[in-house]
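Asker: The lines below spell out each chain.
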Amino acid sequence: MPLWFLRGLRRGVVTTRYPGQPDASAAQLPTPPAFRPAALTRDLADRLAAICPSWALTRNGDVLFFDAGACTACGRCREAAPGAVTASGEFELAATDPAHLVKRIPLLGEGGS
Amino acid sequence: MTSLPLMYGAAAAWGVAALLALTGGASRPGIRACCVLSGIGGAAALAGGVSTLLSGDSRVVTAGGSVVVGTLQLQATSLAGVFAALLGLVAVATAAFVPRYHQPGRGTALYLAVYNLALLASLAVLAAGGVVTFLVAWGTMSLLGYLLILRHPQRDEAAAGAFWFAALSETGFVLIIAAFVILAARTHTMQLDLIAARAHLVTPGWRDTAYLLALTGFGFKAGLVPLHVWLPEAHPVAPADGSAFLSGLVVKLGVYGIALFAFRLLPEGPAWRGILTMAAGAVTAAIGILYALNERDIKRFLAFSTIENVGIIVIAFGAAMTFWAYGNRLLWAFLLLAGLYHVANHGSYKSLLFLEAGVVEHAAGSRDMDRLGGLTRPMPRASVITFIGTLGIAALPPLNGFVSEWLIFQGLFQGFRTGSHLVAILIMLAAATLGLTGGLAIYAFVRGYGIPFLGMPRTRRAAAASEAGQPVAGPALLAVACVALAVGAPVVLAVLSRAMRTVTGVALRPVLLPGNLTVIPAHTNFSGFSPTYLAVFLLAVTAVPALIYLAGRPRAGSLTVPVWDGGMVAFRPRMQYSAMTFSAPTRVTFDALYRPAVSVRRASDDPAGRSGPVHYESQAAPVFGKNLYRPVIRAVEWLADFVQPIQSGDVNLYLFYVFAAVLIAYLLGAL
Amino acid sequence: MSLPRTEETAQALRRSVARQFGRSLHIRTLDTGSCAACEQEIRLLAAPHYDLHRLGFFFTPAPRHADLLMATGPMIRAFDIAARKTYEAMPGPKLVVATGACALGGVYQPDAFTHGSVGDTLPVDVWIPGCPPSPLALLQGLLVAVDRLAEKVRDLTFIQEGGPR
Amino acid sequence: MTAVGPDLACGRPGLPRLLSQLGYDARAGAGPVVTVSVAAADLEAAVRRLAAHEGARLADFFASGGNPAIDGDPVVLRLVWGLDCDRRYLVTESAIEGERYPALSDIAPAAFAEECEIFEQFGIRPAGGKPLNRVVLPPHAGPDFPRLGRPPAQEPAEVHAQHVVGGHAFEFPFGPVRQVGVESLYYGLVTSGEEVVDLYLFTWHKHRGVEWRLRGRTPREALFHVERTEGLGAVGAAWAFAAAAEAALEAAPPAPAMRARAIALELERLYNHAAATAALCQSTGLTVGQAAAEIALERLLRLNAAAFGHRYLFGVVDIGGARRGPDTAALRRGLPGAYGELRHAADALLATNSFVDRLEATGILTREAARRLGLVGPVARAAGVATDVRADHPAEPYSSRPPAVATGQSGDVLARFRVMLAEAAESVRLIGELLEAGAGPGGADLPESVTGRSDRSGLGWAESSRGEALAWVALDGSGRITRARLRPASVRNWRGFDDACRSQNVFTDIPIIEASFWLTVAGTSR
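Chains as they are written, first to last, in the numbering used here: chain A, 723 to 835; chain B, 3 to 673; chain C, 4 to 168; chain D, -11 to 514.
Be a bit skeptical, because a hint or two may be false.
[What the hints assert, rightly or not] Now the in silico label distances, taken between C-beta atoms and shown as ranges:
1) Ser601(B) to Gln167(D): 43 to 49 Å
2) Ala243(D) to Asp765(A): 32 to 38 Å
3) Pro615(B) to Ala240(D): 51 to 57 Å
4) His56(C) to Pro56(D): 52 to 58 Å
[As the list claims (entries may be wrong)] Which chain A residues stay away from chain C? Per the calculated CB distances, all over 12 Å, these:
5) Pro724
6) Leu725
7) Leu728
8) Arg733
9) Ser747
10) Ala748
11) Asp765
12) Asp768
13) Arg769
14) Ala771
15) Ala772
16) Ile773
17) Arg781
18) Phe813
19) Asp819
20) Glu832
No lab work stands behind these hints, which were simulated from the structure alone. Think of the CB as a built atom: it goes at the ideal place given N, C-alpha and C, for glycine as much as any other residue.
Same shape as in the complex, but just chain A (with noise of 0.2 Å):
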């Protein structure tokens, strides 16, 4: 035990901060999709809509709503339009009513893209 005892004194604090402060490792956690309305048209829409392997997005007329609950953060859209999507760095997500998850996204491209 000693041992164990000495250990941990050379191996000092390694807990988080958090929530008191932010913590620097969640700069590399997968994070869910931000979009750019300006480059999302409808058939970019329905091309992300179809790639999305979690039924996270849907689009309904000219509003692309994404649900962050769906989503997990795989980076297939974000693959698929890179000008268009990219990762938005949230991780606190938690919500106390799905209906905060899903959001409603309007598609500003014009024409094809």
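Using the hints, position chains B, C and D against chain A.
Answerer: Same frame as chain A, but now just chains B, C and D:
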């Protein structure tokens, strides 16, 4: 001097009860009438026993018969008083139990007749003032016991159980006769009190021989290991009240016999006699409880626990004798008293448990613990009564078993007062064994109560159990007796110590009970406690939190949800501890003793690793049955074959035998 | 856009834990068919790096002692009984936290095997996205669970003007 | 700890004679996978011959076909044999008409669990009528429950072995809801009060029908679910599946992408062994050790995130390549420290007697049992069976840099622990080499349609942290999956678990044994 008359009354009542049973036993009213009488007899015996304890030994009453053989000699002695009182108590309880337990019929009629006569004979044993009376009564009692066990001769084990009982009783009987003959011959009297008075005339050698013969002979009845084998065989096959009678009384008569020789007839003796007795008791206690732990049949389990308790009593007696040999009369008297106290206690709660075992068997259809379970819900009354008895036999305060075992412990702990280091150590060893036994006893009775009464029913029959129409009064009476013997300990001790004074001549009472309900183990400055206060205290300890809970119960309604079972689909009875798995640790720890034969059958031994039915058996090797008795039985059979030729069945030949015998006797007399 | 996380808010959260659950919120986990990654992350909550005990959270194996149920996986139908029993075994007031994309209906569609999400079997109070949610996300989710004020997702738009970084 | 090279001296005759016995012309240059079709009549004899052969190991056994829509569509049984010394897999195909086939588990016990699964999924059962166990489909699965083939004709009740405990033992129920943060699993622990007499294992609580879901998807779409069948084995499973699809599509991934996969695979091995170490400490109640191991684990996971953008390395593997390449700099920076944590923790643990004593002679699994049940990975290696796909069936990048295979002898928990530690060290070495060689994303372009090809199926494998992971994929003309068989290592190793538990253990040992196996229920019940 009312004790003997009371006993005559009891005897008369039982005699008539037996007749009533024979005539009216086939009808309910008949049984009731018989039981009423039998109960009256019990009450009389109880009163007689108590009055003996209060008034001391009566003088010997001699009636009829020639001086040589047939004299009927009766005497109420305070040593026997304890047993007589117990006999009465159990008789009353049983009388209250029988009408609801037995179905009217010829079998019952005969059984009840035999039973009442057996009570009569037992009382005769206790009231015997002379050797012949004692032996005749003893023989009768054994014979009737044999018939009791044979209540259900069609049951396959019945014959075997009864035979074990008869065979061992008779063997013991021969030794007892021998013991008495030695004493009678050396003291030239057949009267017990005279034998006691003239015991000093007997040479030490003969004295020890007589004692050893008596210890062995009575040991057969008392169930000293290894002479105990008849108990687990006989108890299960007898009816519940029969078992209660066997354990509560017949066994105790064996103990009485030992006490009779050890304390009344031959009190003075060498230390080794006591140490030997103590050792026998220690072995008996430990082996008894260890085997009890391995039993699934409630009655066999209780039978082994009886063996254990006899062991405890005999430890007390043996230690007492040892103290006498070292001149400590105070502890001698104290331990005798403690032993007798334990006799009374064990008689009460063991009879209770056997009666309840009968109730369970009738209500739930089995005596096999692993086929019962969850009986508290369908059988609340039985479970409460049994619980009281269980607390008693597990020697847990505030019940009576605790009081007597505490006294015995206190006696043993003072082994150092013998002055001899070796003996002190031996006594301490006995105390250690007793400690082990006590621990195992608690374990055994947690199992003995928990498996049948708690948990889930293990069979459909057990789930359908109902105690409607089952007897209550008898066991309840015994439960009351248990509590009384515990809470009223100071009174009991006062009476006992006063009564034992006539046996020991030691005025124990002042040291034992300095007043204020405290009990001191013979020597002040050692230890002391008050069973009464303890009981009150324990009740308070449990009551206060209960009151607090009731007072401070939250207003919000409580939520009742099923037991948390890990979310499995359905919790099944097969998923609870069974009697055998619960005692597995002891089987592992003491496997040198059990030498269990384990057999496992499982589908997963298939190389492909299928899973399916599993069967696991762990059977303890029947050490005594195989290694000890098999050879004896063989020898007897061989002897029987040997003497067979003289049994031709020809009347003339037998007449010739008789003539020859008389002739030889005459010639011997003439010389 | 993100809520300023300062020592004060953290203190506020601890206070609310104290207020609701006497400084000890006990967590029972329920695996309703996860891929075992969520379980690993939950186990790491107790590891030195995250040490959720400092926030007044504790794991308990007995639902009898649990105030909060962390359900992972898409709620397999074969698991309904176990899930119901576990939830019923918990004393009120109790919280249910749907943990991970499966539990939020991300990975599996409702069909003969699964309900597709925890939501229609258990009354979910808090939804924690992520596949699997990192221990940080789990911590935040737990804080949301005990403190309904910490509601920031409503403000998130997932719209990024100014193009890719 | 003995290191055994890839060249194992196993029984002769080697592949050619064996194949000619099966009526296959070995001279027709056999690739890494040899497919032989065996008539149903000859199946038993063939299995007998192969099972008797020292060099053949029954790696997997599964069925396809039996489509209820097409009536008379035969069920095709496929047995995958690892001919490890010949560096090849042998696949025997037998079309079965009717509802019976020879009871293979009597010849090759390793086939039993699969016989049960095939009965549940395809409704055909081995001849002889030995009782089967319920392995995958839940008890409430009726005839209309979704299956890969036709539902069984018999009632499950008359096929499955009854779980009845008789005599002086009882079933100690544990689960399915168990400790915090562990998967749902039911143990029926048959105990006499002290020792473990037998063990019933229910894993169907977690059956998600993954193989059923994959049908009709393109391999790329399927990969998403494959990664999520066993989150702690994502890379191994994904690699095996991708390799199978690539074999079916005849696509060859570029070398850097393969190296990226390999780096991810070794990282997965590292964090899994760290997690297993933490679990071992937890099961032995050594909290300080658990904390130390968890620090290492967390650092390794963060390293994964830094290197590949995901703590559990989801989304690294792609059909025909790798979607993500490692952040070389981050890896070079982070790996020594993270692994150092693990090594220090391990050294301290091995110096803690109370810990080592608890592991020693606990959960012993004999070499014979490991071979008989066809166990793989550290569990088998700790029992002395030196099987490692990276060495036995090397694909790039392992063929050019074969790993040293660590094995143990005693087959107890301690041996497993030591094997894991040795493997972790080996993984770090490999990662270093792979980084030197250079790794990055990229992929071969896949054919739009595979209509032209006759054989549109393929077998793939990878040495996941738990051992050999296999996958078999069959595509239709449009390149969509008609049948995908996923066989993570967990599927094989659980069947060794109850053996290990039964070997003279008391039931407090079982958590330790479970930790040392470090399997997932998700993987085995899929």
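Asker: When the structure is checked against the list of hints, which entries are broken? Sort them ascending.
Answerer: 1, 8, 9, 10, 18 and 19
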